[in-house]
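Take a look at the letters that make up each chain.
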Amino acid sequence: MQVFKQHKGIVAPMDRPNVDTDAIIPKQFLKSIKRSGFGPNAFDDWRYLDEGGPDIDNDGRRVNPDFILNLPPYDKATILLARENFGCGSSREHAVWALEDFGFRAVLAPSFADIFFNNSFKNGLLPIVLDAELIDSIFKAIEKSPGFELSIDLESQSILMEGHEPIKFEVDEFRKHCLLNGLDDIALTLQHADDIKAYEAKRRPQAPWLF
Amino acid sequence: MIAKTLYDKLWDAHVVRSEDNGTALLYIDRHLVHEVTSPQAFEGLRMAGRKPWRINSVMAVPDHNVPTTDRSAGIEDPVARLQVETLDENCREFGLNEFVMSDIRQGIVHVIGPEQGATLPGMTVVCGDSHTSTHGAFGALAFGIGTSEVEHVLATQCLLQKKSKNMLVSVDGEVGAGVTAKDIVLAVIGEIGTAGGTGYAIEFGGDAIRALSIEGRMTVCNMAIEAGARAGMVAVDSATIEYVKGRPYAPTEEDWDSAIAEWKELHSDADAKFDYEVHIDATSIKPQVTWGTSPEMVVAIDDLVPDPDKETDSVKADGMRKALAYMDLKAGTPINEISIDKVFIGSCTNSRIEDLRAAAKVADGKQVASNVKLAMVVPGSGLVKQQAEAEGLDKIFITAGFEWREPGCSMCLAMNADRLESGERCASTSNRNFEGRQGAGGRTHLVSPAMAAAAAIAGHFADVNEEG
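Note that the protein sequences, when read in sequence, are chains A and B. In this text, residue positions in the first sequence follow this note's numbering: the first is 1, and each later residue adds one. In this text, residue positions in the second sequence follow this note's numbering: the first is 212, and each later residue adds one.
Please keep in mind that the hints were generated in silico from the structure rather than gathered at the bench. Some clues are possibly wrong.
[Claimed, not checked] Distance condition first, Cα-Cα at most 16 Å in a straight line; then the derived EDC-like pairs of lysine to aspartate or glutamate:
| id | chain 1 | residue 1 | chain 2 | residue 2 |
| --- | --- | --- | --- | --- |
| 1 | B | Lys374 | A | Asp172 |
| 2 | B | Lys533 | A | Asp59 |
| 3 | B | Lys374 | B | Glu254 |
| 4 | B | Lys533 | A | Asp15 |
| 5 | B | Lys527 | A | Asp15 |
| 6 | B | Lys373 | A | Glu173 |
| 7 | A | Lys34 | B | Glu254 |
Modelling step: build the complete structure from the supplied sequences, incorporating the hints.
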């Protein structure tokens, strides 16, 4: 997993609630058996005016000139600012892979859908929950001075924004530890293999139909 | 003894170890696998030199990508074909149980698990698919996971989880004529919103839920995720046990008796405390139709398309305007005047035998309206299809002008050839009306199977109680 310690980058505003994972990466791209290469098709239906597919070259496609991530400098954005319930819908981890492949390292929103939130941590994409009013004020700040950068420091759980007090955010201790160190959580769980075997040894005679 | 909710009981019974930070290593009894969210997980196992922890916990099936038309020539789309073949190869390599495309037992993963008795009360059930909540209908703890977690469960039989909060959604009283499980759950989502259940496990209770068949309960739990809850569940009762009995993977003989004894405890204790409770009057629920691009954008069939100018929350009003523009609808339009281009009866929400019977009852002796370009019925599994054909439902649909297809996810997410073209409007029994879900530019209205059939016949949305 990609390590996350500190990150500074341009914030792109995506001003709509309930951005679902179908929108982040449409279904036709889920046919891939790989984890990489989804970036050029992140938000495909919004980003292009014509229809894309896994076997269509994106270079020749008609770009939607109004879509935020097509407008410089947001095409180089690495932090996404979103509204409530970001990442709702399908469990597809491809949504996280697509955001990362586009270049995003963090998403800021008032709330996230549970599965997306979980999937993000597994891939080194940091989802940060902030108060809805604070999110709103960052949207307004971008309106005033488009294209500004934010600095995120995971260790101190703070975001630096010019002309603003440092913004503190919450993050689960274990997840923070894994992100800071880029840990493989399967290896961590397998350290408890004896506990898992003990559970099975106890449960099997009680409920043999489960095994 | 501390009074426990059903969720508390299921959780406690599966904790392998607890961490100080509130997370727990949770044991997984059943792992359902399909072709779309598993290839990268198997690849991860191979790269790390790991093996599945317990192969008989896995049941695999291709469903998202499979064609619903004649399959004798295989899958035409080479990318989709590779994905299905990759699942076949992975299952062969790791020795996992798979119902391949040509197997009569093949179907939508959330239909075949219960059908085979592979989903049992008291289990933890996971799958790399958000609609895994379906299996909670059996008094199981079932939730969707991402591909990294699929790999984690394959390798360790466990997941590291933080416990959710407890929510009770009680649907009290008796529903009226023509109101189905789908209408109940759409009304619930309309009430609590698409993020209303985020961070919660929802237990559905109340007279109207108890009165539902097991298939109806599956429909309700299936859409818990559309209310933001990863898991939805219903307590075990005699109907649950009756449904499970005799299925291929269900316990038998003396195991059956001990299983029943354990399963009868799978309900919330009388004085259990929920963190949040919602009570909904079943008698107030009418047949539902979604009008927007989120399942919470839903009204009754006799209602009007709502007006964003009347919404006080500006973010919400803005979302409504975007939805109306995408759906090409005007505020104030009566729902029953909205005409449709296509009809889709199927998906893990509504493709079981009772769903097909309900739709066939409405379609029997009628004709699909001339403005409807395509009305398709996609059974949830090969066995559902077989049963429906034994009952003559296929003939009713075909005579009425519907297409009768092979089982799979089909136009619920349009990964295969079944899809909406840009601008087309569909009455669909699936679970998501997101932009582009059924095809780029397609417009989805979620309804029950009976309401979908009524719309097919009328050519526009129509109250199933008036149609036929």
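Outcome of the hint check:
no., hint, verdict
1, B:Lys374 x A:Asp172, "holds, 13 Å"
2, B:Lys533 x A:Asp59, "violated, 28 Å"
3, B:Lys374 x B:Glu254, "violated, 29 Å"
4, B:Lys533 x A:Asp15, "holds, 11 Å"
5, B:Lys527 x A:Asp15, "holds, 11 Å"
6, B:Lys373 x A:Glu173, "holds, 12 Å"
7, A:Lys34 x B:Glu254, "holds, 9 Å"
Consistency with the previously given hints fails for numbers 2 and 3, ordered from lowest to highest.
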